[in-house]
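Trainee: So the chains spell out like this:
Number of protein chains: 2
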Amino acid sequence: MFKLPETPKVAVDCIVEYHRKLVVIERLYPPLGYAWPGGFIDVGETAEEAVIREVGEEINLKVNVVDLIGVYSDPKRDPRGHVISLTYIAEYVAGTPKPKDDAKKVHLYTLTEAMKLDMVIDHGQMLMNALDHAKFNRRRI
Amino acid sequence: MFKLPETPKVAVDCIVEYHRKLVVIERLYPPLGYAWPGGFIDVGETAEEAVIREVGEEINLKVNVVDLIGVYSDPKRDPRGHVISLTYIAEYVAGTPKPKDDAKKVHLYTLTEAMKLDMVIDHGQMLMNALDHAKFNRRRI
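Those protein sequences? They're chains W and X, same order as listed.
Numbering-wise, the numbering used here puts 52 at position 52 of the first sequence, and it's gapless, one number per residue.
Numbering-wise, the numbering used here puts 49 at position 49 of the second sequence, and it's gapless, one number per residue.
It should be emphasised that the hints constitute simulated quantities derived from the structure, not laboratory data.
Be aware that a few hints might be false.
No distinction is drawn between identical chains; accordingly, a pair holds when it is met within one copy or between any pair of copies.
In silico lysine-lysine, DSS-like type, Cα no more than 30 angstroms apart, as pairs [said to hold, decoys possible]:
1. LYS3 / LYS21
2. LYS116 / LYS104
3. LYS76 / LYS3
4. LYS3 / LYS62
5. LYS3 / LYS104
6. LYS3 / LYS105
7. LYS62 / LYS21
8. LYS98 / LYS3
9. LYS116 / LYS21
10. LYS100 / LYS3
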């Protein structure tokens, strides 16, 4: 039986629009600070399933995944170890945002407000890359 | 110290153009068949570094990574276990294609020929997704 080698860990992060605002969390655990909701992908689920599960667990929203906006794989990006983030944009389906699980607080920011935040790791860069993405801009947040 | 959880493993695959042909390998190890060159990302390297290393080790070409074309994360896609593929397109820089490491043979196919291949796992789908990608089509293989 082939034994799979050790690789970096893999997580998802997700930029969610909720009534023309972006949903930003304050993380409960290190790295502390402003972040997009997300978390580690479980063995046995797709990346899109992980987005839907994590957004539900963390900010109480049901979402549809719209598109992949980037892969963030710098070994030094996450102080906890080598974690690759697959970053998606998603659209709101149902629910009211409230902090659960790893989120201490949930904030709703306009795009202009979100762009001024000092976010954890490369989460500010994720928003910049989302702005390059046609399906994000077409929504005109 | 935070212990990173178990997640799926993460690999890269890469569609490389070489003198207006696509470089397809025949895999030496299961899953056997036609595939794009690629392999597991090492802890400590970026996804783009893994592409450059794996393409060098497997088909003896030096390449530049052009762009990400997709993430393939179905838990059942790889018979060896849950492996997420980050799939890239890359452009030829130097070297002569020859099989090394995990490649039994290296083939150079036109786009039309490559589209007729029965490739391993979802590697045929990767080519279809690459065709949706502007930076791939602009090269007019």
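Trainee: Hints first: check each against the structure and report whether it holds.
Mentor: Hints, one by one, checked against the model:
Taking the closest pair of Cα atoms, LYS3 and LYS21 never come within 30 angstroms of each other, the shortest separation being 45 angstroms inside a single copy and 34 angstroms across copies. Taking CA atoms no more than 30 angstroms apart as the test, LYS116 paired with LYS104 passes inside one copy only; the shortest distance there is 20 angstroms, against 52 angstroms between copies. In this homomeric assembly, LYS76 and LYS3 come within 30 angstroms of each other (Cα to Cα) both inside a single copy, at 26 angstroms, and across copies, at 16 angstroms. Taking the closest pair of Cα atoms, LYS3 and LYS62 come within 30 angstroms of each other only across two copies (28 angstroms); inside a single copy the shortest separation is 36 angstroms, beyond that limit.
Taking the shortest alpha-carbon separations for LYS3 and LYS104, only the inter-copy value of 21 angstroms comes in at or below 30 angstroms, while the best intra-copy value is 38 angstroms. In this homomeric assembly, LYS3 and LYS105 come within 30 angstroms of each other (Cα to Cα) only across copies, at 24 angstroms, whereas the closest approach inside a single copy is 41 angstroms. Taking CA atoms no more than 30 angstroms apart as the test, LYS62 paired with LYS21 passes inside one copy only; the shortest distance there is 15 angstroms, against 44 angstroms between copies. Within a single copy, LYS98 and LYS3 get their C-alpha atoms only as close as 41 angstroms, which misses the 30 angstroms cut-off; across copies the closest is 27 angstroms, which meets it.
Taking the closest pair of Cα atoms, LYS116 and LYS21 come within 30 angstroms of each other only inside a single copy of the chain (14 angstroms); across copies the shortest separation is 46 angstroms, beyond that limit. Taking the shortest Cα distances, LYS100 and LYS3 sit within 30 angstroms of each other only across copies (21 angstroms), while inside one copy they are farther apart (36 angstroms).
Against the hints set out earlier in the document, a violation occurs for number 1 only.
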